[in-house]
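Using the sequences and the hints, build the whole thing.
There are 4 protein chains.
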Amino acid sequence: MAKWTIQLDADGLNALMLSAFPAAERNFGPVTHVEPGRISVVQPFNPGMLRPGELVSGPTLMSVADTTAYTLILAHVGPELMTVTSALTINFLRGARKGDVHADGELLSLGRRMAVCDIRLWTESADRLAAQATVTYARAMPTAA
Amino acid sequence: MAKWTIQLDADGLNALMLSAFPAAERNFGPVTHVEPGRISVVQPFNPGMLRPGELVSGPTLMSVADTTAYTLILAHVGPELMTVTSALTINFLRGARKGDVHADGELLSLGRRMAVCDIRLWTESADRLAAQATVTYARAMPTAA
Amino acid sequence: MAKWTIQLDADGLNALMLSAFPAAERNFGPVTHVEPGRISVVQPFNPGMLRPGELVSGPTLMSVADTTAYTLILAHVGPELMTVTSALTINFLRGARKGDVHADGELLSLGRRMAVCDIRLWTESADRLAAQATVTYARAMPTAA
Amino acid sequence: MAKWTIQLDADGLNALMLSAFPAAERNFGPVTHVEPGRISVVQPFNPGMLRPGELVSGPTLMSVADTTAYTLILAHVGPELMTVTSALTINFLRGARKGDVHADGELLSLGRRMAVCDIRLWTESADRLAAQATVTYARAMPTAA
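Chains as they are written, first to last, in this note's numbering: chain A, 162 to 306; chain B, 162 to 306; chain C, 162 to 306; chain D, 162 to 306.
Any given hint might turn out to be false.
Because identical chains cannot be distinguished in the list, a pair is counted as satisfied if it fits within a single copy or across any two copies.
[Stated by the list, open to error] Straight line, CA to CA, 25 angstroms or less: simulated SDA-like cross-link-like pairs of lysine to any residue:
hint	residue 1	residue 2
1	LYS259	SER180
2	LYS259	ARG300
3	LYS259	MET243
4	LYS164	GLU267
5	LYS259	GLY272
6	LYS164	ASP265
Because the hints were derived from the structure by calculation, they are not lab data.
Encoded structure:
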């Protein structure tokens with residue numbers, strides 16, 4: 162499917178994220194794979210992710226979903242950093258057992274104004290999803306010059 | 162992926178839907194394909210689906226998404242007709258040009274109480290999605306005997 | 162709260178909807194009340210709304226939510242008919258008993274590009290909600306002349 | 162409206178949250194007000210909440226929305242700690258300027274299995290919402306004894 166092309170590869174995205182967001186502020190799971198329409202991110206486990214019951218917390222999964230969508234869009238449009246989350250819907254499907262958080266993102270649409278992504282989250286295996294999120298980003302609108 | 166098994170195939174689902182929902186009440190697009198975790202439905206075009214601009218209306222797409230999720234779940238649990246929609250989120254991705262409405266459903270989770278489905282809707286080609294919906298159904302809870 | 166002003170009152174909206182959408186295509190519940198930031202719509206009961214169990218069907222509620230959001234936005238921006246639904250999330254809260262469908266809409270934000278509305282749906286009483294929907298509309302973008 | 166009654170007041174909720182979730186793991190904004198069907202929470206500002214542009218980050222708002230819904234439900238059902246988030250939809254309405262994050266929650270439905278809440282988030286004034294979230298919690302299901 163050649164309808165989208167990559168503007169920033171995994172290395173480019175990781176470098177961009179680290180320079181734009183100081184490490185102290187955000188634990189950013191590196192992008193491990195990019196191809197047209199798709200991305201994979203792995204957020205390494207840390208104990209601060211857990212809630213009682215030894216499960217990864219909802220806010221952790223929401224944050225990873227949001228960042229994954231952001232990098233998926235930048236992969237296709239380049240360093241358009243002012244792109245902001247417009248809406249996010251997440252369904253928690255089963256408890257996310259302790260471990261690295263894997264996120265697989267798919268671009269559903271990419272317009273001039275909006276982009277919509279489907280994000281699948283898991284810790285144990287891609288076959289046992291912990292959550293699915295649909296994330297909408299509003300692209301930065303060029304100001305009238 | 163053998164984690165789910167089919168209880169009702171396409172013919173069984175179509176027969177069930179026609180008997181449970183009188184034809185006059187609902188234009189039901191037949192199920193055309195079922196496999197573990199997945200379903201395809203095609204709702205034939207009729208002019209009542211259109212809104213101004215010759216595009217398929219939002220309510221039509223929402224209704225097809227809902228029915229597709231319902232049949233996807235029944236395919237896996239059998240004729241549990243009292244299963245009801247609990248939540249639906251739909252993102253409209255681009256105008257749906259006039260034509261049959263195709264819906265491809267994927268089961269994301271199937272628990273004792275809830276089932277969550279991802280539904281992709283299109284008219285022109287599967288490569289140009291008109292909408293994506295995430296639909297949650299609450300399964301009928303057996304009453305205490 | 163004077164942050165929004167009304168461009169079209171209930172009579173104006175009802176006349177606009179009837180002229181823009183031929184009656185045969187859509188059962189449009191009249192707008193009964195408009196004030197800055199809020200609207201009320203009542204969709205009269207008809208038997209085609211029911212699903213088994215004598216409850217109002219999910220697609221009926223989704224359609225009323227969508228139309229209520231549309232008229233709420235037009236009330237504030239005037240006859241901008243090319244405004245289209247961008248996303249809709251509905252939570253079904255309890256079975257909607259047979260009867261007129263009441264929808265109370267509240268404008269949450271109104272920007273140049275997007276508008277977001279909260280819609281509450283009920284049949285028995287406003288105190289017993291059947292569903293809540295959040296509906297996002299994309300406003301028509303003026304084309305470069 | 163007397164359809165719901167309070168089982169835990171603001172002081173009771175704050176004490177419960179602090180004992181159940183060690184302070185190190187979560188910055189928990191205290192509950193400031195509870196009444197049947199409603200709650201208010203204020204999460205004090207800290208610089209870690211900000212993203213570039215001096216705005217409160219999306220993950221911060223999502224986390225506050227989630228916690229507010231959780232405490233709103235516990236206020237009505239008592240210390241049912243195993244209640245877990247089932248779904249969350251958030252719409253970002255405008256940039257949240259730097260400041261304490263206020264969350265006003267309303268209970269939309271409370272059933273044996275599920276509870277649904279509407280959460281409004283703001284920093285500047287309740288009249289300028291930064292985000293609206295609809296949060297669904299699945300109540301702990303008693304295990305067969």
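Verification of the hints:
{"no.": "1", "hint": "LYS259 to SER180", "result": "between (29 angstroms within a copy, 22 angstroms between copies)"}
{"no.": "2", "hint": "LYS259 to ARG300", "result": "between (34 angstroms within a copy, 22 angstroms between copies)"}
{"no.": "3", "hint": "LYS259 to MET243", "result": "between (33 angstroms within a copy, 17 angstroms between copies)"}
{"no.": "4", "hint": "LYS164 to GLU267", "result": "both (13 angstroms within a copy, 23 angstroms between copies)"}
{"no.": "5", "hint": "LYS259 to GLY272", "result": "between (37 angstroms within a copy, 21 angstroms between copies)"}
{"no.": "6", "hint": "LYS164 to ASP265", "result": "both (19 angstroms within a copy, 20 angstroms between copies)"}
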